[in-house]
Amino acid sequence: MFSLKKAKKLEILSLLYYTVYMPFNQTLKISKKPLFWLSVLLFVFLAKGAIFSLSLPFFQGPDEQLHYATIQYRAEPTEKNWPLRHMVRTIDGGDISTYHFSEETIKSAQATQFDEVKFQNENTQTFTQSSTGINEPMIAESSWKRYIDTYQSDVSGTSSFYYSFGTQMEKLFSHQSILFRFFSIRLFSVILGTLVILLAYLTTRKIGFSAWHSLIVASLVAFQPMLATTAAQVNIDIALIFSFSLFIYAAVSLLRDGWRWSWIALLIFSAGLGLYSKGPGLILIVCALPLLIFVAYRHFTQISKRNFFLGLFLAGSFIFGLTFTFVPASYLASITNITATSHFSSPSESISRYFDKTIRQGALRDTEASYWGHFGWLDTKVSGRTIDIIWTLEIIAWIGAILFLISKKQIGYLPEKKYIVFSVGIIIALELAIRFYDWRVFDVTKQILIGTPGRYFLPNIIPHIILMVTGLGYFTRNKKQFDTLLKVLLILMILFSLYAMFDIIIPRYYL
Amino acid sequence: MNHLLTKLNNERTWLALLFVGGLLWIFVTFFSYLSFPDSSYNFIGTTNKVKLDPGAPVTQTFTATENNLNQIKVVFGNATITKKETVVFELADAACTHPLAQNTHRPYDSSPFIYYRLSFPAIPDSLGQTYCLVVTYFSPYDRGSDRPSLGASAGEQFTGLSYTNTGNGRTYENRTLQMRPSYGSGSLYGDLGRLNDRLSQYKPGFLKGPFLTGIFALFFLGTFALVYALIFRKNEE
Numbered sequence: 238m239f240s241l242k243k244a245k246k247l248e249i250l251s252l253l254y255y256t257v258y259m260p261f262n263q264t265l266k267i268s269k270k271p272l273f274w275l276s277v278l279l280f281v282f283l284a285k286g287a288i289f290s291l292s293l294p295f296f297q298g299p300d301e302q303l304h305y306a307t308i309q310y311r312a313e314p315t316e317k318n319w320p321l322r323h324m325v326r327t328i329d330g331g332d333i334s335t336y337h338f339s340e341e342t343i344k345s346a347q348a349t350q351f352d353e354v355k356f357q358n359e360n361t362q363t364f365t366q367s368s369t370g371i372n373e374p375m376i377a378e379s380s381w382k383r384y385i386d387t388y389q390s391d392v393s394g395t396s397s398f399y400y401s402f403g404t405q406m407e408k409l410f411s412h413q414s415i416l417f418r419f420f421s422i423r424l425f426s427v428i429l430g431t432l433v434i435l436l437a438y439l440t441t442r443k444i445g446f447s448a449w450h451s452l453i454v455a456s457l458v459a460f461q462p463m464l465a466t467t468a469a470q471v472n473i474d475i476a477l478i479f480s481f482s483l484f485i486y487a488a489v490s491l492l493r494d495g496w497r498w499s500w501i502a503l504l505i506f507s508a509g510l511g512l513y514s515k516g517p518g519l520i521l522i523v524c525a526l527p528l529l530i531f532v533a534y535r536h537f538t539q540i541s542k543r544n545f546f547l548g549l550f551l552a553g554s555f556i557f558g559l560t561f562t563f564v565p566a567s568y569l570a571s572i573t574n575i576t577a578t579s580h581f582s583s584p585s586e587s588i589s590r591y592f593d594k595t596i597r598q599g600a601l602r603d604t605e606a607s608y609w610g611h612f613g614w615l616d617t618k619v620s621g622r623t624i625d626i627i628w629t630l631e632i633i634a635w636i637g638a639i640l641f642l643i644s645k646k647q648i649g650y651l652p653e654k655k656y657i658v659f660s661v662g663i664i665i666a667l668e669l670a671i672r673f674y675d676w677r678v679f680d681v682t683k684q685i686l687i688g689t690p691g692r693y694f695l696p697n698i699i700p701h702i703i704l705m706v707t708g709l710g711y712f713t714r715n716k717k718q719f720d721t722l723l724k725v726l727l728i729l730m731i732l733f734s735l736y737a738m739f740d741i742i743i744p745r746y747y748l
Numbered sequence: 009m010n011h012l013l014t015k016l017n018n019e020r021t022w023l024a025l026l027f028v029g030g031l032l033w034i035f036v037t038f039f040s041y042l043s044f045p046d047s048s049y050n051f052i053g054t055t056n057k058v059k060l061d062p063g064a065p066v067t068q069t070f071t072a073t074e075n076n077l078n079q080i081k082v083v084f085g086n087a088t089i090t091k092k093e094t095v096v097f098e099l100a101d102a103a104c105t106h107p108l109a110q111n112t113h114r115p116y117d118s119s120p121f122i123y124y125r126l127s128f129p130a131i132p133d134s135l136g137q138t139y140c141l142v143v144t145y146f147s148p149y150d151r152g153s154d155r156p157s158l159g160a161s162a163g164e165q166f167t168g169l170s171y172t173n174t175g176n177g178r179t180y181e182n183r184t185l186q187m188r189p190s191y192g193s194g195s196l197y198g199d200l201g202r203l204n205d206r207l208s209q210y211k212p213g214f215l216k217g218p219f220l221t222g223i224f225a226l227f228f229l230g231t232f233a234l235v236y237a238l239i240f241r242k243n244e245e
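Chains as they are written, first to last, in our numbering: chain W, 238 to 748; chain L, 9 to 245.
Simulated from the structure, these hints should not be mistaken for lab results. In this text, all values refer to a predicted model and were calculated from it rather than measured experimentally. Mixed in with the good hints there might be a few duds.
[To be verified] Beta-carbon label-pair distances, calculated as ranges:
(1) S380(W) x G177(L): 50 to 60 Å
(2) I665(W) x L25(L): 47 to 57 Å
(3) K594(W) x G177(L): 54 to 64 Å
(4) F128(L) x W319(W): 55 to 65 Å
(5) K683(W) x P148(L): 21 to 31 Å
(6) L25(L) x T538(W): 53 to 63 Å
[Claimed, not checked] Some residues of chain L that are not near chain W, with every Cβ distance over 10 Å (derived):
(7) T37
(8) F38
(9) V96
(10) A103
(11) N111
(12) Y116
(13) A130
(14) I131
(15) S134
(16) S190
(17) G194
(18) K216
(19) A237
[Stated by the list, open to error] Below are the SDA-like pairs computed for lysine to any residue, each with C-alpha atoms no more than 20 Å apart in a straight line:
(20) K382(W) x A312(W)
(21) K655(W) x D494(W)
(22) K683(W) x L519(W)
(23) K269(W) x R20(L)
(24) K270(W) x N18(L)
(25) K91(L) x R20(L)
(26) K57(L) x T167(L)
(27) K717(W) x W22(L)
(28) K216(L) x T365(W)
(29) K216(L) x K269(W)
(30) K269(W) x A233(L)
(31) K270(W) x A237(L)
(32) K717(W) x L229(L)
(33) K270(W) x L229(L)
(34) K269(W) x Y236(L)
(35) K716(W) x L23(L)
(36) K57(L) x E359(W)
(37) K216(L) x L283(W)
(38) K717(W) x Y236(L)
(39) K716(W) x W22(L)
(40) K594(W) x H536(W)
Glycine included, each C-beta is placed from N, C-alpha and C at the ideal position.
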């Protein structure tokens, strides 16, 4: 016979069983699902982003002082009720005080030895024996002016949604120190980067990779160290990377599902977002058109060819009309330099001189190296041997991708060829856009002022990794081998990321 | 033996070996860097290269500002040397005569990352003591201006310092080799704590001290879990 006491004991035991064992059991089941690991991956990327963002000292990301000053300028009251001085701009790149920024931006940069540390990898900040920097209390308690009182200001004239969000954050945390505000905006970049990883997963799923393979491809993107650092800085680059990633997701969705208004809306939205991120975003508008034509052509089969092309012409004219109506002419003139006078006798001379200077092994190698690992002000570099290994793998992958495209065989575990053609297309489009802009500046100045640092090509990191994985995958014989290949690539990428963090960035700035 | 071969044939085993081997290499390198250089000065102003002449040491004395001196970081350029060449880095007494520690840079050593690091067991009572850095290049070849070099800086902040190049017999006053004496904390735990402090400087409160340690811990936990889940699961058929 059960006594009341025994019955209560049993009740407690069963309650314990259901509260402890069952959730554990459920957790075990969940842990076998790719979506659970996707959430782990996103969490790891957030943590990694936070580490990268705190590993780079204040303003030590490329042009961070300019981007932060722009955000701060846009957070200023509309009515400038303080005395303004108008001075001739005489910028010395090695002296932050010559920039027309706010007093707070300049003094904080000086207090953290910005000019000494930038570009000079044998120099570091002066450290104390505690967790508080020598000038940290001065920065935290400062009453330096947060507005620009010297004009013409040196802030960026680019319109970017990144600046809009940053400005809101600057206002929201206006009661906090500049360190708090600045690092909060860096963390906003990390969040944008995390969304890129999510889009990498969704894109690879969409083009036909299995859930686990998609997770590995998304992890390859997540552990690419240059993406992680770009997503840990105050810079509009990450906004462009996000816009491209969204565009690519919408594009492959259209290619897979055909004409759907939801995907078309997302495609147009992401192209618009790209335009409202950074100059090269314009290329998304250019890429959207042929893509829409292709999808429409396949969808509207019942319409006669004549009517189709007539409609196309009208739609194209409408889009171009809209672009030229809403995008300021000055913006188009500034990115094409169309009104400037060339230094050369003919466009062909200008182009051939430009190619002589940029399409050389050394220049291409610099782009490649800075795509994978030139951190900070590009002075913190991973070893050349590592880049050689990556370059070799990439060449093999490109050969594989080309063979895959020209071969007649369809490999079940690799994406359909149309996605690879799209990936190649968007990579070429961005490449042409960046080089076109670089050439236009060269044409006018006779100097390579913009250059082609690798991070400019990061907006295409998702199609690039997909292309690499597919190209290398072409040489595998079955899904099992492909699976093993992906695992090896992931191990190498994680190790590369840890190497960049612990053997390059931390020693450069702190040891 | 068969058991070992079977294990090695197992994909998971060699993937694990690749990952753990890579991790070991990364962290052995990291811990070899884990020493805290004197950061009270930077190399700003005029800089130049001190070309090393075969068999002729370049020397500079310095006074340690802390205990546990365990490394000297030196800017070492054109470090790619060929067969039969070596560059010897020595820590010597104040008179630059008796070596206390020595490292040799050989042809197949990788180029140093920013600084060459002369490492040696920590000297517990180094504070206030004067030591000498001696760098000697040995080569049977005449490489002309392509010889390895050391970085040097001049400027107000280096007033009173000097280095000697025995190759040309000159002592360069108010100049310094681009070098930093570097110190440990006496224990690995202390070193990691000191690194945490350095990383925390000029950061907002939510990225400082224990929060920073927590972020690193979560990152490692998440990464290792991810590696386990993605890499050591069964292959898709």
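query = Does K216(L) pair with T365(W) here, judged by a C-alpha cut-off of 20 Å?
reply = Satisfied, since the Cα-Cα distance of roughly 14 Å is no more than 20 Å.
message = Looking only at beta-carbon atoms, does the pair K594(W), G177(L) fall within the given range of 54 to 64 Å?
response = violated, 44 Å
inquiry  = Would the hint linking K594(W) and H536(W) be met if the CA-CA limit is 20 Å?
reply    = violated, 45 Å
task = Would you assess whether S134(L), listed as outside the interface, keeps its beta-carbon beyond 10 Å of every beta-carbon in chain W?
result = holds, 16 Å
ask   = Non-interface claim for A103(L): all C-beta distances to chain W beyond 10 Å?
value = Label holds. Min Cβ-Cβ 28 Å, cutoff 10 Å.
task = Starting from K270(W), check that the Cα of L229(L) is at most 20 Å away, please.
result = The given pair, whose Cα atoms are some 19 Å apart, holds under the 20 Å limit.
inquiry  = Minimum C-beta separation from A237(L) to chain W exceeding 10 Å: can you confirm that?
reply    = violated, 5 Å
request  = Compare the distance between the alpha carbons of K57(L) and E359(W) with 20 Å, and conclude whether the hinted pair is satisfied.
outcome  = Measuring from Cα to Cα gives roughly 14 Å; hence the hint holds.
20 Å Cα cutoff - pair K382(W), A312(W) = Judged against 20 Å, a Cα distance of about 13 Å means the pair holds.
inquiry  = For K655(W) and D494(W), compute the direct alpha-carbon distance and say whether it is at most 20 Å.
reply    = holds, 13 Å
key: Minimum Cβ-Cβ distance from Y116(L) to chain W exceeds 10 Å   = Nearest chain W Cβ is 12 Å from Y116(L), so the label holds.
query = Does the Cβ-Cβ separation between K683(W) and P148(L) fall within 21 to 31 Å?
reply = Given a distance of about 46 Å, which is not inside 21 to 31 Å, the answer is violated.
In this structure, the earlier hints numbered 2, 3, 5, 7, 8, 16, 18, 19, 22, 24, 25, 29, 32, 40 are contradicted, and the remaining ones agree with it.
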